[in-house]
Amino acid sequence: MAIDWLATMAEQGDIAKSKATEVATLVVKPELPLEIASRLYRDVEKGAQTFDRILSDMEDADVSDELLQAADALAELWSQLSAALANKLRELQGLPPITMSEAPH
4 MAIDWLATMA EQGDIAKSKA TEVATLVVKP ELPLEIASRL YRDVEKGAQT FDRILSDMED
64 ADVSDELLQA ADALAELWSQ LSAALANKLR ELQGLPPITM SEAPH
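Under the numbering used here, residue 108 is the last one in the sequence shown; the count climbs by one each step, no gaps.
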């Protein structure tokens, strides 16, 4: 059975956007309980891992460059969500944030 990659990307985009909205809403709350931040971080990591498998399957299926570019953008969104939550967890634990420098071009 062939996979409808366009539909898969649309569904995954909806999931990522929904999670991004949740993260953006909660990460700014100074009183956010550590348990909720931890749960959300686990949820984001699970979503990112699921999407990594989908991205790998897409690469194996030799999908169009346009779809792969869209998939790369979604993978980057998952990475940003993960980093934001990791830093929120660090903040809640009284630790400094993790900063990432860009690789030289």
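Source of the hints: derived by calculation from the structure; they are not laboratory data. Even glycine gets a Cβ: it sits at the ideal position worked out from N, Cα and C. You may find that some hints are simply not true.
Here are the simulated EDC-like pairs of lysine to aspartate or glutamate, each with C-alpha atoms no more than 20 Å apart in a straight line [to be verified]: (1) Lys22 to Glu38; (2) Lys49 to Glu79; (3) Lys49 to Asp65; (4) Lys22 to Glu62; (5) Lys49 to Glu38; (6) Lys20 to Glu79; (7) Lys20 to Glu94; (8) Lys22 to Glu79; (9) Lys49 to Asp60; (10) Lys49 to Glu14; (11) Lys22 to Asp55; (12) Lys49 to Asp17; (13) Lys49 to Glu69; (14) Lys22 to Asp75.
Derived Cβ-Cβ restraints for the label pairs, each shown as a range [stated by the list, open to error]: (15) Gln72 to Leu98: 16 to 24 Å; (16) Pro99 to Ser21: 23 to 31 Å; (17) Pro36 to Leu71: 36 to 44 Å; (18) Lys32 to Thr11: 19 to 27 Å; (19) Arg42 to Lys20: 15 to 23 Å; (20) Ser67 to Arg42: 16 to 24 Å; (21) Arg56 to Glu25: 29 to 37 Å; (22) Ala13 to Gly97: 39 to 47 Å; (23) Gln96 to Ala5: 19 to 27 Å; (24) Ile101 to Thr24: 36 to 44 Å; (25) Thr11 to Ile101: 40 to 48 Å; (26) Ala27 to Lys49: 14 to 22 Å; (27) Asp65 to Gly16: 15 to 23 Å.
How the hints compare with the structure:
no.	hint	verdict
1	Lys22 to Glu38	holds (17 Å)
2	Lys49 to Glu79	holds (15 Å)
3	Lys49 to Asp65	violated (25 Å)
4	Lys22 to Glu62	violated (24 Å)
5	Lys49 to Glu38	holds (16 Å)
6	Lys20 to Glu79	holds (12 Å)
7	Lys20 to Glu94	violated (24 Å)
8	Lys22 to Glu79	holds (13 Å)
9	Lys49 to Asp60	holds (17 Å)
10	Lys49 to Glu14	holds (16 Å)
11	Lys22 to Asp55	holds (16 Å)
12	Lys49 to Asp17	holds (15 Å)
13	Lys49 to Glu69	violated (25 Å)
14	Lys22 to Asp75	holds (17 Å)
15	Gln72 to Leu98: 16 to 24 Å	violated (35 Å)
16	Pro99 to Ser21: 23 to 31 Å	holds (30 Å)
17	Pro36 to Leu71: 36 to 44 Å	holds (39 Å)
18	Lys32 to Thr11: 19 to 27 Å	violated (33 Å)
19	Arg42 to Lys20: 15 to 23 Å	holds (19 Å)
20	Ser67 to Arg42: 16 to 24 Å	violated (36 Å)
21	Arg56 to Glu25: 29 to 37 Å	violated (22 Å)
22	Ala13 to Gly97: 39 to 47 Å	holds (41 Å)
23	Gln96 to Ala5: 19 to 27 Å	violated (47 Å)
24	Ile101 to Thr24: 36 to 44 Å	violated (23 Å)
25	Thr11 to Ile101: 40 to 48 Å	violated (31 Å)
26	Ala27 to Lys49: 14 to 22 Å	holds (19 Å)
27	Asp65 to Gly16: 15 to 23 Å	holds (21 Å)
Consistency with the previously given hints fails for numbers 3, 4, 7, 13, 15, 18, 20, 21, 23, 24 and 25, ordered from lowest to highest.
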